[in-house]
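Kindly generate the complete structure, drawing on both the sequences and the hints.
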Amino acid sequence: MDAIHQDLSPIIRDLLRENESLKAQLRAAEDYNRKLRCHNGKSFMDLAPELRLLIWNFALPDQRVLRVTELPTPGGLELGLTFFCSARAPALLHTCRESREVALAHFKPFFKKGANNHTITRPIYFRPNVDILYIEGDVYDSIGSYPEVNEIESIALSRGHQLDDLFKEDLFLGLKRVLIVKADRGWPNRCCETIEFAPDPTRKEDELQWINELNRLAKVRSNIPKIEHFEAVIGKRVIKKCYCG
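This note's numbering applies: residue 32 is where the sequence shown begins, and numbers increase by one.
Note that these hints are calculated values from the structure, not bench results. Ideal Cβ placement from N, Cα and C applies to all residues, glycine included. Please note: incorrect hints may appear among the correct ones.
[Unchecked claim] Straight-line C-alpha distance at most 20 Å; calculated SDA-like pairs for lysine to any residue:
#, residue 1, residue 2
1, Lys-139, Pro-232
2, Lys-213, Arg-247
3, Lys-267, Arg-190
4, Lys-267, Asn-243
5, Lys-267, Ala-118
6, Lys-213, Pro-232
7, Lys-213, Pro-230
8, Lys-213, Glu-227
9, Lys-207, Phe-261
10, Lys-213, Phe-261
11, Lys-257, Ala-120
[To be verified] Using C-beta positions, here's what the derived DEER-type ranges look like:
#, residue 1, residue 2, range
12, Asp-77, Lys-139, 28 to 36 Å
13, Arg-44, Cys-127, 46 to 54 Å
14, Pro-154, Leu-84, 20 to 28 Å
15, Gln-240, Ser-74, 50 to 58 Å
16, Leu-82, Val-251, 51 to 59 Å
17, Arg-131, Glu-227, 26 to 34 Å
Structure (structure tokens):
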């Protein structure tokens, strides 16, 4: 148990440091706004509501890849898993009341309640029709116990997954796009800030294999979602802050 606590302590320290960094950025933004108001006699909130709405919508993040992995728990894995996703909640949720309303029109808190004795460190703010959920192999079966997975349209899986496993139950019923991730094994740390995908130059063989397998399953099962797109990609870490120390 002591070893597990030692493993988690760097994560807690990093989260506290990032919290202080975010507070400092907020103070800097408030100071800049005060200076701007003194300079021209107006602040952002003096702009027309329609213009502010356009700015808030323009500030929404592009498509994100949210990678879900597993953390050890003090009681051991037999008592349940703790999921972890390093992606931060969109900044618009914390800027002001008006920006939060805009953000909540797009983002939903996913996995906010434990299912089947599994927990997650914090809710993941996710756009099921825009963002990509990258599921680690060790949490795939467990994350399927959350009903909101049926709203997700795009997921990414490691190459080792099989479609038989993906559709063995009525899961991911809204799925339209599957990314097959290659060349991500051997990464020293899994809990990294962001993940980016690039097309795999040799992707045609993998994509054709998955399409053929999907067609085979569709003939014998009625619970197969209408997947419109398979794509083999290579994962790339973009490290801003890593919680594995």
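Status of the hints after comparison with the structure:
Distance hint between Lys-139 and Pro-232 is unfulfilled; the C-alpha atoms sit about 34 Å from each other, more than 20 Å. For the proposed pair Lys-213 and Arg-247, the alpha carbon gap of about 23 Å is over 20 Å, so the pair is violated. At roughly 15 Å between alpha-carbon atoms, Lys-267 and Arg-190 fall within 20 Å of each other, so this suggested pair holds. At roughly 27 Å between alpha-carbon atoms, Lys-267 and Asn-243 are farther apart than 20 Å, so this suggested pair is violated.
A distance of roughly 15 Å separates the Cα atoms of Lys-267 and Ala-118; the hinted pair therefore holds under the 20 Å criterion. Restraint check for Lys-213 and Pro-232: the C-alpha separation of about 11 Å stays at or below 20 Å, so the hint holds. Note on Lys-213 and Pro-230: the hinted pairing holds, with a Cα-Cα distance of about 10 Å set against a maximum of 20 Å. For the hint pairing Lys-213 with Glu-227, the CA-to-CA distance comes to about 12 Å; that is within 20 Å, so the pair holds.
Simply put, Lys-207 and Phe-261 have alpha-carbon atoms about 9 Å apart, close enough for the 20 Å limit, and the pair holds. Taking the CA atoms of Lys-213 and Phe-261, the gap is near 13 Å; set against the 20 Å cutoff, the hint holds. Using a Cα cut-off of 20 Å, the hinted pair Lys-257 and Ala-120 is violated, with the two alpha carbons roughly 30 Å apart. Between Asp-77 and Lys-139, the C-beta spacing of about 32 Å keeps the proposed range 28 to 36 Å intact.
Take Arg-44 and Cys-127: their Cβ atoms lie about 29 Å apart, and the range 46 to 54 Å is violated. Restraint check, Pro-154 to Leu-84: a C-beta distance of roughly 25 Å satisfies the suggested window 20 to 28 Å. Checked against the given bound of 50 to 58 Å, the beta carbons of Gln-240 and Ser-74, roughly 57 Å apart, stay inside it. Between Leu-82 and Val-251 the beta carbon distance is about 55 Å. The supplied range of 51 to 59 Å therefore holds.
Taken as a hint, the range 26 to 34 Å holds for the pair Arg-131 and Glu-227, whose Cβ atoms sit roughly 27 Å apart.
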